[in-house]
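Modelling step: build the complete structure from the supplied sequences, incorporating the hints.
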Amino acid sequence: MSLQLKSLTITDPFWAHYRELVRTEMIPYQWNVLNDNANITIEKERNDNSIPSEKSHAIENFKIAAGLKQGNHYGWVFQDSDVYKWLEAVAYSLSIHADTELQELADGVIDLIALAQEEDGYLNTYFSIEEPERRFKKLAESHELYCAGHFIEAAVAYYESTHNEKALTIACRLADCIDVHFGKEEHQIQGYDGHEEIELALTKLYSLTGEQRYLELSRYFLYERGTDTTFFARQQAADNGHKAVIEGMNHRPLEYYQAHQPILEQQTAEGHAVRLVYMCTAMADVALLAGDNAMLEACRRLWKNIINKRMYITGGIGSTVDGEAFTLDYDLPNDTMYCETCASIGLIFFAFNMLKNEARSEYADVLERALYNTAIGGMALDGKHFFYVNPLEVHPESSRHDPGKSHVKFTRPEWFGCACCPPNLARLLTSLHKYIYTVQADTNTIYTHLFMTHTTELEINDHPVQLEQITNLPWEGDVSIVTQMKQSTSFTLAIRLPYWAEHYSLLLNGNPIDADPINGYIHIDRIWHSNDKLELKLPMEIKEYTAHPLVRADIGKVAIGRGPFIYCAEEVDNGEHLHLVQLTQDQTYEYEFDEQLLGGVGTIKVEARKRNIEPEWEDVLYASKAPQTYTSTALRLIPYYCWANRQIGEMRVWLNKA
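Per numbering that gives the first Met the number 0, the very first residue in the sequence shown carries number 0; after that it's consecutive.
Just so you know, nobody snuck in bad clues.
Using 30 Å as the maximum straight-line C-alpha spacing, the simulated DSBU-like pairs for lysine-lysine come out as follows:
(1) Lys433 to Lys165
(2) Lys355 to Lys485
(3) Lys242 to Lys54
(4) Lys303 to Lys355
(5) Lys355 to Lys308
(6) Lys383 to Lys43
DEER-style ranges, computed between Cβ atoms:
(7) Asn71 to Asn249: 19 to 29 Å
(8) Thr99 to Glu185: 46 to 56 Å
(9) Asp328 to Glu118: 47 to 57 Å
(10) Pro51 to Ile647: 23 to 33 Å
In case anyone wonders, no lab produced these hints; they're calculated from the structure.
Idealized CB from N, CA, C, for every residue including glycine.
Set out below in structure tokens:
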């Protein structure tokens, strides 16, 4: 048996629009920002005076490191990664839409990076320009391997898209440099980077090149993490007398870096949320590629802790600004949360790599939840404004005046001092085609994880097969899949039943299919013919979701969802003081698609009541016998992803319920 995915073209109105937005707006805009040619305001993502926010300077840093310009490095020590993620987004975009001018621009960036690379393969503009003697000597802070990982990911994607060998050669030289310096031998550094990323990049480089050393190096970094809890401290002591690479990071606990225990012993998701899910993404890939069942079991354990106890209903993770981190089980505040855009993107990566190991719908459900809510909610509809933090409750005056909420923005900035999220979104959206299917070649099974209009070309037992999926999701729930082939072919098509559709119907050529799902997927195993038509009908019911009783922030509240979307209330539609709005027990919901609103969105209307602020409260803060009167109000809800695209105002996801 053999089964290969050959190509996939997304024509879905919703997602094709986003991918075109990346190509025509985000990629050119971000290029201008990286070159300091954009007339924009760069904001600090949180109240921290150490955040560099005057300019990007990212391309200029490479020119200085390459010897083409004179000057100093500016920006974070990981500023290079902004360029690398942009380059990766370009690679995916070129695979979708040929663009000679854009490819020449990207080739020029690769030429510049090649000039900045040192003779032994080392690549990092900060240390090459400012402190070459401190290479690999402050790994808790330096992000050297983090940046290396992002270039390797970009190089792999660029080679797969354009067959440009120069980028791949740079990546292999860089990986070889790291392989020389890190490992178990006495002369090597027996440690790891403070920010996971190199691990997942090395698995991609291995998959492309077949070079076993890269897989073994990834596995080494994962298994080394947390085994010597003095590693960072010893490097810090040896580096004494030098300035901090990043102010304040010396004092972070080991949990912040997931370095408090060996990875197989870690029971809960701890520390910096992005680092944790990047680590888990690599673990899941190594588990698959190396057949490492112990690592897969560790992935399952951390997954369950995140999804069952530490994830927001929008697929966001990270409950606190302090360390951009997880806190404890069920601690999910809505107005001081962090939920970094990159963290949800990392959760998508983790979910997909778990799907490659085992097709269970819970992974695809979370992938879909994070994608449709927090991920695309991290960008404005114009593709030029971005959220770093994705709150579920916003009161603009509190963000303005409460230092504890200064990180909670009520409008999307044009750019950030730490600009990891905008190019991360660009590379996610341009690579979206990679997340629709996984295949199990030994059983000729094609697993369908996401629903969007597209055409895919496959090769099954040396026979070409085309699958065309047609749907109006995320707004309507009918999905059809039509097969085209020259020769009838036997294979299994496994269709996910999403968490939001309790009831469904499935027809094959007009005849009902009655089959029990296996791990959330309906398996149709048959000899397929040309023009076979599979029809899946998913009811798009409006649902009230409640949180676990131990989630203190959400007691007495409900969140409203329809299909993959979670909805929210905005002040622009419903007036101020949204905390006074209360849903009743017997209300009915009405769904309406509004083509004129926010580029066309499905809205939900519901009759609610709003607590009045009675005259008796004038000059009174507390009262033992207070009147409580209500006024009926028509509440209008919009999908969470498109909030803050009109005017400044309050927003809430969790609504009071009588």
